Amino acid sequence: MTAYLIRRLGSTLFAIWAIATLVFLLVRVTGDPAVLLLSEQYTIADLARVRHRLGLDQPLAVQYARFLAGVPRLDFGRSYRFDQPARELVVERFPATLMLAVAALGVALLVSIPLGVLSAARRNSAFDVSVSFFSFLGFAVPTFWLGTMLLILFGVVLRWLPTSGFGSWRHLVLPAITLATWPTGQFTRILRSEMITALTEDYVRTARAKGLPARRILLVHTLRNAALTFITLVGLVFGALLGGAVVTETIFGWPGLGRLVIQATLSRDYPVVQTVVILLALVFVGINLLVDLAYAFLDPRIRLA
Amino acid sequence: MGLIPALATEWKPVGPTEWLLTLRQGVKFHNGEPFDAEVVRWNVERITRPGFQDFAFMTPVAKAEVVSKYVVKISTKAAYPTFPSLMTQFFIVPPNYMTQVGPEGFARKPIGSGPYKFVEWVKGSHLIMEANVDYWAGPPAIRAIIWRILPESSTRVAGLRAGELDIVPQLPPELIQTIDAEATLKALAVRSIRTPFLRFFPDSPQGGGRPLADRRVRQAINHAVNVDAIIRGLLAGQATRTASLMTPDIFGFDPAPKPYPFDQDRARALLREAGFPNGFEMNFETWSSGPAPKPVEVAQAVAADLEKVGVRLRVRALELGTALNMQVQKQLAPFHLWSWGGANLDCDDKFWGVFHPQSSSTFLTTPDIVKLIDEERSIVDARRRREICARLQRMVPEEALIVPLYAQHDIYGINTRVDWKPRSDERILPWEIQLRAR
Chain U
1 MTAYLIRRLG STLFAIWAIA TLVFLLVRVT GDPAVLLLSE QYTIADLARV
51 RHRLGLDQPL AVQYARFLAG VPRLDFGRSY RFDQPARELV VERFPATLML
101 AVAALGVALL VSIPLGVLSA ARRNSAFDVS VSFFSFLGFA VPTFWLGTML
151 LILFGVVLRW LPTSGFGSWR HLVLPAITLA TWPTGQFTRI LRSEMITALT
201 EDYVRTARAK GLPARRILLV HTLRNAALTF ITLVGLVFGA LLGGAVVTET
251 IFGWPGLGRL VIQATLSRDY PVVQTVVILL ALVFVGINLL VDLAYAFLDP
301 RIRLA
Chain C
306 MGLIPALATE WKPVGPTEWL LTLRQGVKFH NGEPFDAEVV RWNVERITRP
356 GFQDFAFMTP VAKAEVVSKY VVKISTKAAY PTFPSLMTQF FIVPPNYMTQ
406 VGPEGFARKP IGSGPYKFVE WVKGSHLIME ANVDYWAGPP AIRAIIWRIL
456 PESSTRVAGL RAGELDIVPQ LPPELIQTID AEATLKALAV RSIRTPFLRF
506 FPDSPQGGGR PLADRRVRQA INHAVNVDAI IRGLLAGQAT RTASLMTPDI
556 FGFDPAPKPY PFDQDRARAL LREAGFPNGF EMNFETWSSG PAPKPVEVAQ
606 AVAADLEKVG VRLRVRALEL GTALNMQVQK QLAPFHLWSW GGANLDCDDK
656 FWGVFHPQSS STFLTTPDIV KLIDEERSIV DARRRREICA RLQRMVPEEA
706 LIVPLYAQHD IYGINTRVDW KPRSDERILP WEIQLRAR
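Top to bottom, those sequences are chains U and C.
The first sequence finishes on residue 305 if you use our numbering, and the numbering steps up by one all the way, no holes.
The second sequence finishes on residue 743 if you use our numbering, and the numbering steps up by one all the way, no holes.
Since the hints were made in silico from the structure, they are not lab data.
Predicted model, so just to flag it, every value in this text is computed and none were measured.
Just so you know, not all the hints are guaranteed correct.
[To be verified] Some chain C residues close to chain U (C-beta under 8 Å, calculated; not the full set):
1) Lys428
2) Ala449
3) Arg453
4) Glu457
5) Ser459
6) Glu469
7) Thr627
8) Leu629
9) Asn630
10) Val633
11) Gly646
12) Gly647
13) Ala648
14) Asp654
15) Gln663
16) Ser664
For glycine and all other residues, C-beta sits at the position ideal for the given N, C-alpha and C.
The task is simple: from the sequences and hints, build the whole structure.
Okay, structure coming up:
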């Protein structure tokens with residue numbers, strides 16, 4: 001067990017180092033931030049001064065060494081654009097992102113679990129067909145279109161909810177639904193097919209033969225077995241929601257990480273891009289760990305091995 | 306547009322590099338600190354300290370001396386005729402507070418002497434400020450202003466229609482009718498000082514630019530582009546054609562020079578004369594999106610016009626940051642779309658920026674033009690400068706150094722409960738806004 005943990009920790013550290021190095025190199029391929037910081041009217045001498053101030057006139061190896069030395073201390077340098085520690089900027093934005101991702105994931109789970117289970121139980125019924133139709137729709141509809149339609153309907157026409165902004169739970173409703181649509185479709189489809197596979201297993205036949213009630217078979221025997229693949233997917237999607245809500249954030253003026261990292265990329269704010277990417281890598285690693293723990297909880301074979 | 310006195314009530318040059326500023330009396334910062342000549346001197350010292358001028362805003366300023374309690378003398382490093390305009394960008398901070406909290410503390414909770422006080426800033430979401438009832442010109446009309454950050458234009462329009470927003474900038478021209486159709490909303494357009502243009506770069510490392518070294522070829526291209534059709538067809542009429550980079554809102558504007566007439570026969574004749582009877586081919590770059598409206602569509606329209614006279618463009622759209630990097634490294638295509646705004650409403654800014662070799666935006670110029678710009682920079686006399694600006698406005702089209710396009714119009718949507726006129730410099734100044742009685 002200890003050997004396993006050490007191996008696992010080692011590979012995690014390696015992955016984070018590799019990601020940090022990759023993002024360090026990639027942002028530098030995209031161009032010089034100094035040009036974007038100056039106003040229109042600048043001379044080559046102004047440019048050289050800014051590059052010196054940002055440390056961009058140092059050899060790449062020196063910049064890399066400084067960057068790597070900072071990572072373990074969680075010092076990612078100062079944002080070029082805000083002249084503020086990059087970590088602070090990211091930490092400021094993270095709660096908004098987390099709130100939106102958790103809300104969207106909650107909505108997706110609340111809708112997809114009953115739908116997925118019921119449509120598997122009533123396979124090929126009219127209910128099942130319409131669930132499949134809507135989950136494909138949810139999966140396929142473009143976020144920017146759905147978001148805009150929702151805000152026009154509920155914000156402009158009905159005036160039930162604010163069109164955009166950040167503050168109360170009312171501001172959260174439309175972005176959370178918009179962001180939840182894609183995972184809801186995805187979750188429902190996967191859960192349905194996993195349930196259908198599990199329902200054909202021998203232990204289900206045995207349970208039926210024993211005379212167990214259908215509900216118990218469905219919710220205890222089948223769902224538990226179908227949950228393994230489902231949880232892996234939920235973990236991956238949650239990571240994606242944390243990093244990839246850019247479109248939803250842009251439409252609803254939500255001050256999350258996605259927009260921060262897009263702006264930072266466009267303005268070549270290397271320290272901020274690096275910080276966000278490393279943070280998201282850490283989050284993915286954490287989620288993977290949680291998924292593994294959930295496996296052990298759900299599947300005694302893993303726990304006992 | 307002209308300068309309006311605020312913290313300085315009078316300013317006058319005393320010699321080529323020195324300016325005497327008379328300051329307003331009885332002004333206090335939001336924390337109660339008084340404002341006087343010593344405060345200005347301290348602020349000048351602050352911005353001239355090494356490291357501060359890195360970002361090139363206040364580089365011309367050298368030092369300040371207190372003359373009396375409300376008179377201060379500021380010196381520039383060299384003659385700087387647009388000094389009064391530069392001072393509109395010079396923001397005075399309270400010395401004691403700044404010393405006490407440091408730049409980072411100040412950035413979190415800034416304090417000034419203006420009509421509005423800082424309340425809260427949630428980055429990426431909103432900024433709130435409230436009226437300063439002790440403002441020297443009296444309290445502003447509106448008690449609090451909330452600045453919302455909404456990058457998506459359809460969201461901004463939705464917020465306007467829902468009555469959540471009162472003033473919305475940067476509307477695409479095709480939304481004017483949607484806005485005007487609502488009883489409580491109105492679209493307002495204002496001519497901007499930003500002028501998109503097409504730039505020639507005969508020495509482009511991408512090659513293919515040699516024909517552009519011939520003035521006749523550049524003139525031919527000026528004749529071949531149907532700028533009026535672009536304004537009508539792509540911008541819904543929301544732009545004003547210009548003969549150079551100058552617009553009527555800028556100091557030194559001369560209405561005499563006229564844009565090249567659209568004349569493709571003349572263009573073909575000029576190309577023949579220059580030795581290109583069958584035309585030629587070159588790269589053309591534009592932005593995928595940037596400070597000028599519809600850059601890709603405009604580029605395609607230009608390419609279609611030039612195709613008709615035999616100049617075939619290979620159009621490529623660049624992300625703005627990439628384009629800015631390629632500009633400073635002089636890697637852009639021999640012909641490309643660019644734009645120039647300028648910060649100080651003066652012809653100096655426009656001509657220095659695009660035709661002086663020290664500026665990174667200069668790709669083609671002539672020694673005569675450079676000499677004139679240098680001369681204009683060295684004198685303070687407004688009448689003399691106006692003459693030079695007029696000459697520059699004739700010389701640029703004569704040499705066909707660029708293809709000037711238009712001054713774009715900035716379009717705003719407003720709720721009619723608000724009484725406000727948009728400005729040509731893209732700023733929204735809250736103390737210029739009033740609420741209408743309903």
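Hints breached by this structure: 2
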